[in-house]
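We have chain A; now place chain B with the ligand onto it with these hints.
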Amino acid sequence: MAKQLPGVDVVLVGFGWTGAIYAEKLTNAGLDVLALERGPWRDTTKDFATTFAQDELRYYWRHGMFQEASQSTVTFRNNSAQTALPMRSWGSFLPGNGVGGSGVHWNGQTYRFLPSDFVAKSHNEERYGPLPEGMTVQDYGVTYEELEPHFDYFEKICGICGKAGNLKGDIVAGGNPFEGPRSDEYPNPPMEMTFSQDRFEAAARNVGLNPFPVPSANMSRAYVNPLGLQLAPCTYCGFCEKHGCGNYSKSSPQTTIIPALMKRPNFALRTDSEVLSIEKSADGSRTTGVTYVDTSGESFFQPAEIVVLCAYPLENTRLMLLSQIGKPYDPRSGEGVVGKNYCYQVMSGATVFFDKEYTNSFVGAGALGMAVDDYNGDNFDHSGLGFIGGGYIACYTTNARPIESHPVPEGVPGWGSDWKQAVQANFLKTASVGVHGASMAHRSNYLDLDPTYTDRHGRPLLRMTFDFTLNDRRLSAHLTPVAEEIARGMGGREVVVGERKGSYDSVPYQTTHNTGGTIMGTDPQTSVCNRYCQSWDLPNLFVAGAGLFPQNAGYNPTDTVGALAYWSVDAIINTYLGQPGPLVQT
Amino acid sequence: MFSPTRRKVLKALLFGGTAIAAPSALYAAEYGRGEGMPWSPFRGQPPYHGTLEASFFTPAERATVAAICARLIPNDDGPGATEADVVTFLDRQMAGFYGRGQHWYMQGPFLEGTATQGYQSEHPPAQLYRHALVALDVYCRNTYEAGFAELSEDRQDAVLKGLDEEEITFAKVSAKTFFDLILKNTIEGFFADPIYGGNRDMVAWRYIGFPGTRYDYRDFVGHDGARIQLEPVSLMGRSGWNSP
Ligand SMILES: Cc1cc2nc3c(=O)[nH]c(=O)nc-3n(C[C@H](O)[C@H](O)[C@H](O)COP(=O)(O)OP(=O)(O)OC[C@H]3O[C@@H](n4cnc5c(N)ncnc54)[C@H](O)[C@@H]3O)c2cc1C
Chain A
86 MAKQLPGVDV VLVGFGWTGA IYAEKLTNAG LDVLALERGP WRDTTKDFAT TFAQDELRYY
146 WRHGMFQEAS QSTVTFRNNS AQTALPMRSW GSFLPGNGVG GSGVHWNGQT YRFLPSDFVA
206 KSHNEERYGP LPEGMTVQDY GVTYEELEPH FDYFEKICGI CGKAGNLKGD IVAGGNPFEG
266 PRSDEYPNPP MEMTFSQDRF EAAARNVGLN PFPVPSANMS RAYVNPLGLQ LAPCTYCGFC
326 EKHGCGNYSK SSPQTTIIPA LMKRPNFALR TDSEVLSIEK SADGSRTTGV TYVDTSGESF
386 FQPAEIVVLC AYPLENTRLM LLSQIGKPYD PRSGEGVVGK NYCYQVMSGA TVFFDKEYTN
446 SFVGAGALGM AVDDYNGDNF DHSGLGFIGG GYIACYTTNA RPIESHPVPE GVPGWGSDWK
506 QAVQANFLKT ASVGVHGASM AHRSNYLDLD PTYTDRHGRP LLRMTFDFTL NDRRLSAHLT
566 PVAEEIARGM GGREVVVGER KGSYDSVPYQ TTHNTGGTIM GTDPQTSVCN RYCQSWDLPN
626 LFVAGAGLFP QNAGYNPTDT VGALAYWSVD AIINTYLGQP GPLVQT
Chain B
2 MFSPTRRKVL KALLFGGTAI AAPSALYAAE YGRGEGMPWS PFRGQPPYHG TLEASFFTPA
62 ERATVAAICA RLIPNDDGPG ATEADVVTFL DRQMAGFYGR GQHWYMQGPF LEGTATQGYQ
122 SEHPPAQLYR HALVALDVYC RNTYEAGFAE LSEDRQDAVL KGLDEEEITF AKVSAKTFFD
182 LILKNTIEGF FADPIYGGNR DMVAWRYIGF PGTRYDYRDF VGHDGARIQL EPVSLMGRSG
242 WNSP
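Line by line, the protein sequences are chains A and B. Mapping of the first sequence onto my numbering: residues 86 to 671, in sequence order. Mapping of the second sequence onto my numbering: residues 2 to 245, in sequence order.
Treat each hint with caution, since some may be false.
Mimicking DSSO-like on lysine-lysine, the simulated pairs with C-alpha atoms at most 30 Å apart in a straight line are [what the hints assert, rightly or not]: (1) Lys586/A <-> Lys177/B; (2) Lys177/B <-> Lys162/B; (3) Lys586/A <-> Lys162/B; (4) Lys586/A <-> Lys185/B; (5) Lys348/A <-> Lys253/A.
Simulated from the structure, these hints should not be mistaken for lab results. If you're wondering where the values come from, they're calculated on a predicted model, not measured in any experiment.
The shape of chain B in the complex, shown without the other chains:
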């Protein structure tokens, strides 16, 4: 079915060193031409894990963020954001591409939109956190003469409720946008794979009964409503598996 003559002509044009330019392999890759599926060793795309050198929060910011997370997901009948070390997760996220908004469309003009238009702040997440944390500190010191982290749990809850329900507003950034974002990010850190620094020792997965990153449940499809109880596994394996 193939037409070899035409192929030859085109190949000659492509590789025959004529004046016609070929795209540079460096900036675009070419595959196919009968060579089968490309394969080369060490080309997997595993996630990065290990401790990032970079850290985003100052010690004071870190204390405030840790205190916020601890109220959003408290330690009560089981582990909360503190035990899951969500603040470490957030610190790494803010130091990385997510905090910088690197994959987001961040060209202006920046206008206030409708709720259905989503995030419209000119600040990528890390900057939004930074501005909001300053404003929160000012608010708490003006109102209670202490930083957020030093307030009683009840007062902390009242402040968070105020942000959530838009009773507390900040001058420079939207307090509500900040609240929604830190809540979303805290939930991410609580439930994400421990590889990212939160959900330490898979405490959150164990708490809700999620077995993590297992890859084969065929034996359990017919559970018929009975509980399936399995020790969770993360992308790093789990403690019992790792060599000392």
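Pulled out of the complex, with its shape left as it was, chain A reads as follows:
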């Protein structure tokens, strides 16, 4: 039997990026907030000091800060005819664990989705006619215009470094001319670029594209955010993605929110506490709180007036399924919602090998890059192309740590003398041009509970059924040659193209941009949450994170994740608290 604890106003399940956002706003509004976090406490001085943060083996290859698969993992298969097997060790994506979540070891590439991304179904149908059979793309139910102030605020909390391309409708030179209108310039100027970005920029311009500096959460200068917290200039150490920052130079919950939060008497955080289920009242009309387990295996019932799921899309979906909230998605009938529209990201690219010039890619940062958006979203005419959506194409200088990154030209074997010498000859001389493609929802890609494999508490693992769709493949086949063309214009000796081939492979790292499963929308028959990220079933349950995305756009998710969290918490404070109940009537 779970021990009963005293109640709080709000319980947050998970304390990463979204947990920190909800906690800050809700405590500021006077509520008593408790965050329950599965992993340990983590902060800069203790856990990623500059005396040991730069450890590639420990943090990436031995998963120093990620969730341990032994705790819980997902099972995976490409299609429902196969038997899903557990990901015994993480590969394609790396779920975070501990205070700060993945916000500790993200890159900080901080893009807004395009206005058309939020209305992907209605926009594309209006322009190109009905979506093909099986494509379950939907509108968000919230628009870019509504989210704009929240994008702006999240970017100020983070101190994002970039250049506006569209200020209140005016196109500004040097920025991204395709972006939605911004109410304000970025809080900080773009990072200083290196040789590879300079070459990319010139090559992209040459073929008539519009390069702009990637909006970065790695600081271009010292910055004080709206909560009074200070960030320091990035030192381009190159140990950014998959690592914590020892310099206070990367925006994370630790650097931008938590120190302010920890001073507030109405906030508490319990670490090493894994939430097992969301509890419902006897009549099933609301949640009463959550049950969690500590590291001794003892379980507790934590009552709360409001519960917010901030546990990352995969765990948010699993908790809803385990707690039997909302109708599970059934791919055969297409009915049900929880687990529906799981999407990912469609990556491909080209590597440039230089002869004389040195790219010195160890001088880098997680979000140091130049990009073009000419082929993203609906920024180009899709008539007759047979797909919707697109992606950005970027040249980042990041991750040039030698275990992870030692590219060799075409035809070099995988080991032995020839391999070793090719690694040596090219290590300081490569640049990469990547396509960051959208992933459109399809009826056959979804999440549910595995019938066989369980976690250490004996509860079913989440099962992922996913493969790249026809839309994904056509999109990638259309955009990869553009990346190749830019790469060929960068002045190297050789270009090796990495096409998107075959089925989705869960082994090589791609991105930790898992989306869907708890999608938002306009209709309880087709979505889990309403436009305020509130559960259609239990009005005092809110859901955060990229699980809300009905499909994934051609960008990294976190700016949109942050904006949605601020939008939702605003609705809680300004509307829900005055009149607790559904914020959208059905």
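Here is chain B with the ligand on its own, set in the frame of chain A:
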């Protein structure tokens, strides 16, 4: 903005010694409640370094593994796995949490999966090595009447190629899975920080021009394609820095 009355009520419930249980601090930690960022001395999480007592490989296994690594990353125009002491790295890895698969999900049933489903062996890395090394020895003795370590380099390469291209298979474990794993681990040992026993004296970093664990390149951002040459540094510093 805060509501002090409600706070007081809740605090009374939490700390007032009522019948309601509070979670034990031993098994979960509680932070916040206005106390600011927690801090206590000696709470850093530096990596362990020094020689591990434990060693996993038997002398014969160690000789075979060293010979495999030496062919995967040979000594030719520069140092290879032998000079980097990759076998010591592997021995320590296999003796530790990685070799035991301690952080991996190792519950059954174990089924053969598709390539896109990744590692599905019921053996954690260290056990896989052990079984595969026995099978490799049997294969080499049957085929060449000598252990792998005693074969000529050409023959060693042929055997490794056979494993890589799935022409040689083992009965009990997958030869290909073993090959892929030892190749991955050898590359890790060659390029990881010397703190883990391989990349001795940073030979691999020096060979490719990687300056290691430096933390500030702001002076070099504008290199404009010119080579940046810097002596590497490891988490242990570097030889010239250490006191005698
Ligand atoms: C290597 C890497 C690079 C990335 N780079 C970028 C990038 O450049 N740009 C970008 O936009 N995004 C990037 N991301 C994604 C970004 O980190 C996430 O979008 C963001 O952190 C999501 O916030 P979240 O709050 O939903 O989840 P998280 O920040 O991951 O937080 C979830 C928290 O919930 C906890 N939790 C989970 N289950 C439970 C449970 N049952 N009980 C209690 N606690 C639980 C977890 O331990 C975790 O701390 C990257 C991610 C990774 C891993």
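Okay, the hints, checked on the actual structure:
With a C-alpha separation of about 22 Å, the suggested pair Lys586/A and Lys177/B falls inside the 30 Å cut-off, and the hint holds. For the proposed pair Lys177/B and Lys162/B, the alpha carbon gap of about 10 Å is at most 30 Å, so the pair holds. Under the criterion of a C-alpha separation no larger than 30 Å, the hint pairing Lys586/A with Lys162/B is consistent with the structure, at around 25 Å. For a cut-off of 30 Å, the pair hint linking Lys586/A to Lys185/B stands: about 22 Å separates their Cα positions.
In summary, the hint linking Lys348/A to Lys253/A is not supported, as the alpha carbons are separated by about 37 Å, beyond the 30 Å threshold.
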